[in-house]
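Participant: Top to bottom, those sequences are chains B and D. Residue numbers for the first sequence follow the numbering used here, beginning at 1252 and rising by one. Residue numbers for the second sequence follow the numbering used here, beginning at 21 and rising by one.
Just so you know, not all the hints are guaranteed correct.
[As the list claims (entries may be wrong)] In silico lysine to any residue, SDA-like type, Cα no more than 25 Å apart, as pairs:
1) B:Lys1308 - D:Ala164
2) B:Lys1308 - D:His99
3) B:Lys1308 - D:Arg169
4) B:Lys1308 - B:Asp1275
5) B:Lys1308 - B:Asp1298
6) B:Lys1308 - B:Arg1276
7) B:Lys1308 - B:Ile1325
8) B:Lys1308 - D:Leu195
9) B:Lys1308 - D:Leu162
10) B:Lys1308 - D:Trp186
11) B:Lys1308 - B:Ile1295
12) B:Lys1308 - D:Pro173
13) B:Lys1308 - D:Pro102
14) B:Lys1308 - B:Ser1274
15) B:Lys1308 - D:Leu158
16) B:Lys1308 - D:Ala45
17) B:Lys1308 - D:Asn182
18) B:Lys1308 - B:Leu1339
19) B:Lys1308 - D:Gly106
20) B:Lys1308 - B:Val1329
21) B:Lys1308 - D:Leu36
22) B:Lys1308 - B:Phe1328
23) B:Lys1308 - D:Val157
Think of the hints as simulated: they come from the structure by calculation, not from any bench. All values derive from a computational prediction rather than experimental measurement.
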Amino acid sequence: MDPTPYIAGVGIGIISWFAFLLSDRPLGCSTAYARTSGMIEAAIRGDAARERPYYRKFAPQIDWEWMLVLGVVIGAFVTAVVTGEFALIWVPSRFAAAFGPDIPFRLVVAIIGGVLMGIGSRWAGGCTSGHGISGTLQLAISSWVAVIIFFVSGIVCAFLIYGVGP
Amino acid sequence: MTDALQRLRQNAPQQLLLGLLMGIAFGACLQIGGVTRYDVILGQLLLTDFTVVKVMLSAVAVGMVGIHLMRGAGLAELHIKPGSVGATVVGGIIFGAGFAVLGYCPGTVAGAVGSGALDALVGGVSGIILGAGIFAVLYPRLEASVLHRGEFPTMSIPQLLNLNPWMVVVPVVILIAAVLVGLEYAGL
């Protein structure tokens, strides 16, 4: 048995206590991307972008959750360096084994996947963190539905993409 | 104690710092758990590697007990998200497709960037930002059409069933523990 997934899970559970206690909010990540898209649109189009109904709901500014996502990058970086796992890679090995090592192809696929994820996470009102962990641990109805759909759809799509049995 | 908590929760600069610190810890956990790797996430979706399920279920079990204890002591409040068939189910299907195509989610993609995955940085992060922007453009039309179709009650399962929360928390934690023991027993 490999204990590392459980060490990570217990750690994330404890971090969620601190998020509720000290910040009165659940851990979540996807809103930060919507705020960033608003900040980019505001930088290009000016304040007209801020008038979009969605950005009036989620103001294009740096907030707690935006800092959380920035922190995830830093925390994963430091940990990866300390454990010797840091490595610059363009094409993950499992992807390369199935579809070849072509970098532009992987990037196009990743952008398409990212766009779907950006649309889907905002459409569903949360992601694997906001619904999948923070929502389910509160026993929220919407979040249990969301996490089940996330995985059912993800599993079906992964099998379609890879076209193989387990 | 509660006064100090209220002041801390309303102190914007301190909240930004807390968000950063909790994010650093969160990122460290994601990296330790191995879920910042495309191969691990696709392994989960192809049902050959159950690391993602192990991380999520243990986080949910530990978090659930703590949040309900703090709630009982008046130190935490629930933040239940609204949902509907049109929002949660339709959005969830799109999310799942993105999950399988990208191989990261909005949290783990940030961790993957930290661990050196350039596909996560160049493709993943920019794609998610672009997708969120597309959603913001579509939002008024979606809001008027699909997002409120078949709304769920904005409540927790114990609230819906009108039960003491522990009547649900305890069985769910036992169920999670049983699933995790079963996964290890099956060698998954």
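Participant: Each hint should be assessed against the structure and marked as holding or not.
Facilitator: Taking the hints in turn, this is what the structure says about them:
Our distance criterion of 25 Å between C-alpha atoms is met by B:Lys1308 and D:Ala164, whose separation comes to about 15 Å. A hinted pair counts as satisfied when its Cα atoms are at most 25 Å apart, and B:Lys1308 with D:His99 qualifies at roughly 17 Å. Distance check on the hinted pair: B:Lys1308 and D:Arg169 sit about 20 Å apart at the alpha-carbon level, within 25 Å; holds. Simply put, B:Lys1308 and B:Asp1275 have alpha-carbon atoms about 19 Å apart, close enough for the 25 Å limit, and the pair holds.
A C-alpha spacing of about 15 Å is found between B:Lys1308 and B:Asp1298, which places the hinted pair at or below 25 Å, so the restraint holds. Taking the CA atoms of B:Lys1308 and B:Arg1276, the gap is near 17 Å; set against the 25 Å cutoff, the hint holds. Distance restraint check for B:Lys1308 and B:Ile1325: the Cα-Cα separation of roughly 28 Å exceeds the 25 Å cut-off, and the hinted pair is therefore not satisfied. Distance restraint check for B:Lys1308 and D:Leu195: the Cα-Cα separation of roughly 37 Å exceeds the 25 Å cut-off, and the hinted pair is therefore not satisfied.
With a C-alpha separation of about 15 Å, the suggested pair B:Lys1308 and D:Leu162 falls inside the 25 Å cut-off, and the hint holds. For the proposed pair B:Lys1308 and D:Trp186, the alpha carbon gap of about 34 Å is over 25 Å, so the pair is violated. For the suggested pair B:Lys1308 and B:Ile1295, the alpha carbons sit about 20 Å apart, so the restraint of at most 25 Å is met. A threshold of 25 Å between alpha carbons decides the hint, and for B:Lys1308 with D:Pro173 the separation of about 21 Å falls inside it, so the pair holds.
In summary, the hint linking B:Lys1308 to D:Pro102 is supported, as the alpha carbons are separated by about 15 Å, within the 25 Å threshold. Pair hint B:Lys1308 plus B:Ser1274 holds up; C-alpha atoms about 20 Å apart against a cutoff of 25 Å. A threshold of 25 Å between alpha carbons decides the hint, and for B:Lys1308 with D:Leu158 the separation of about 14 Å falls inside it, so the pair holds. Under the criterion of a C-alpha separation no larger than 25 Å, the hint pairing B:Lys1308 with D:Ala45 is inconsistent with the structure, at around 28 Å.
The straight-line distance between the Cα atoms of B:Lys1308 and D:Asn182 is roughly 31 Å, outside the 25 Å bound, and the hint therefore fails. For the suggested pair B:Lys1308 and B:Leu1339, the alpha carbons sit about 37 Å apart, so the restraint of at most 25 Å is broken. For the hint linking B:Lys1308 to D:Gly106, the alpha-carbon distance of about 19 Å falls within 25 Å, and the restraint holds. Taking the CA atoms of B:Lys1308 and B:Val1329, the gap is near 34 Å; set against the 25 Å cutoff, the hint is violated.
At most 25 Å may separate the alpha-carbon atoms for a hinted pair to count; B:Lys1308 and D:Leu36 meet this at roughly 19 Å. Distance hint between B:Lys1308 and B:Phe1328 is unfulfilled; the C-alpha atoms sit about 32 Å from each other, more than 25 Å. For the given pair, B:Lys1308 sits about 13 Å from D:Val157 by alpha-carbon distance, which is consistent with the 25 Å threshold.
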